[in-house]
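**Student:** Now for the letters of each chain:
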Amino acid sequence: MTEKEVTVRNRAGIHARPAALIVQTASQYSSQIEFKKEHETINAKSIMGIITLGAGYNTSITISADGEDEEDAVNSLARLFENRFEED
Amino acid sequence: MDQQFTVLDLLDLDLKEHNDLDLTCLAGRPGLLRPIVTPDLNRPGLALNGFFDNFGSDRVQIFGRGEHAFVEKLAAEQNLVNVKQLFDREIPACVFTHGLEPPEEFIRIAEASGCPVLQTPLATSEFVMRLIRALGNVFAARETIHATLVEVFGIGVLILGDSGVGKSETALELIERGHRLVADDAVEVRRVAGNILLGQGANPALGHHMEIRGLGIINITHLFGVGSIRDDKQIQLICQLEVWDSQKAYDRIGADERKLDILGVGTPYLEIPVKPGRNIPIIIETAAMNERLKKMGYYSAREFNQNIMRWLDSENARKAYLQKKGIT
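Going down the list, the sequences are from chains A and B. 1 is the number of the first residue of the first sequence in the working numbering; add one for each residue after it. 1 is the number of the first residue of the second sequence in the working numbering; add one for each residue after it.
Simulated from the structure, these hints should not be mistaken for laboratory data. Keep in mind that this is a model prediction, so the values were computed, not measured. C-beta atoms are modelled at their ideal positions from N, C-alpha and C, and glycine is treated no differently. Misleading hints may appear alongside valid ones.
Said to hold, decoys possible - Not close to chain B: a few residues of chain A, all C-beta gaps over 12 Å, as computed:
(1) L21
(2) E40
(3) N58
(4) E71
What the hints assert, rightly or not - Derived pair list, reagent style BS3-like, types lysine-lysine, alpha-carbon separation capped at 30 Å:
(5) B/K275 - B/K325
(6) A/K4 - A/K36
(7) A/K37 - B/K16
(8) B/K275 - B/K259
(9) A/K36 - B/K294
(10) B/K248 - B/K294
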């Protein structure tokens, strides 16, 4: 199990487009990937799940992955957050 | 619960009709961020009389007609020591029922201590019932599950399965067939009243939307009408969809009931293998109807087996009889 904490840096937060980007990236890996925000945990391969998190600007989220390619999965998802989902 | 539930959250609860608390804040707004840490309530009669042993200071204090009349009397006598002591104990909030107005002195002390004073037009017993129900829900054990919840023939069916196995597509077909969507993709499950699992959308603000691969996000309410949605529903059956594994033995008889544990409550559980040519929505419909039959005491698989056993018995008896007669 690999975990990493990230912060939402783009002003608009995670709306439909970033969510689609996350799901697209997460689906490339076979690991079970989850996002944790406070007490909520959702599957990172589910677009509605991610939008439901309601992650606005500056929200911190823990990405955790479990499986063969867990490290790659967490790193490439974290990169999306660092790049502000190519927004702003 | 990780997040604190404050008095402000109580005022913000979106409750309707027979659940509506109908609260307004009369005074002490800065105290609205005080946390409520227990679902219990207290009637502060003894405290107003100066008896503070075992006083439930972490509870919401309910002032009914009796307490209100007593506070009025104390205010008229300018004897507000006990009221001051009450507010010194950092109570989360006090609520006046029947739309009663607390006396000015009372409000002044509440403001000074930063304690919210709330008011409701409801009668005390009714308000207490609603508040206990509301706080019970707030403090219920909860978990967000990656699943889809639909109501099929009155049975709440939770559809589990990995991403891409076809949960949403199955739910869509069920909706098309006249059943109702409760939540897709992220279901918040709460354990209420001891052993009831209640499921609803993890975020009510997002409404009843679904993501269907190839279509994108669709609004079920607009497409299929309000008759096709439901806000919450008890989970009575769990169906796990999984890609057909030829190595795995699936239940062929269905006489044993399997249960899946969520938040410590066991719910009937079926594993349904998915492969082209299997119409999953119809299987789920049938499972829901079968579940209703079981609730009525009729177990198809067991009943079938009993018939078989009876038949075998009679066949044996017949054989034995014929043998005895020397016919065969």
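**Student:** It remains to establish, for every hint, whether it holds in the given structure.
**Tutor:** Results of checking the hints against the structure:
Every Cβ of chain B is farther than 12 Å from the Cβ of A/L21; the closest lies at roughly 14 Å, confirming the non-interface assignment. The claim that A/E40 lies off the interface is violated: its Cβ sits roughly 5 Å from the closest Cβ of chain B, which falls inside the 12 Å cut-off. Taking the minimum C-beta to C-beta distance to chain B, about 16 Å, the non-interface status of A/N58 holds against the 12 Å cut. Distance check on A/E71: its Cβ is at least 20 Å (rounded) from any Cβ of chain B, clearing the 12 Å threshold; non-interface status holds.
The suggested pairing of B/K275 with B/K325 is violated, with an alpha-carbon distance near 54 Å, which exceeds 30 Å. Note on A/K4 and A/K36: the hinted pairing holds, with a Cα-Cα distance of about 10 Å set against a maximum of 30 Å. Using a Cα cut-off of 30 Å, the hinted pair A/K37 and B/K16 holds, with the two alpha carbons roughly 28 Å apart. For the hint linking B/K275 to B/K259, the alpha-carbon distance of about 24 Å falls within 30 Å, and the restraint holds.
Distance hint between A/K36 and B/K294 is unfulfilled; the C-alpha atoms sit about 38 Å from each other, more than 30 Å. Taking the CA atoms of B/K248 and B/K294, the gap is near 26 Å; set against the 30 Å cutoff, the hint holds.
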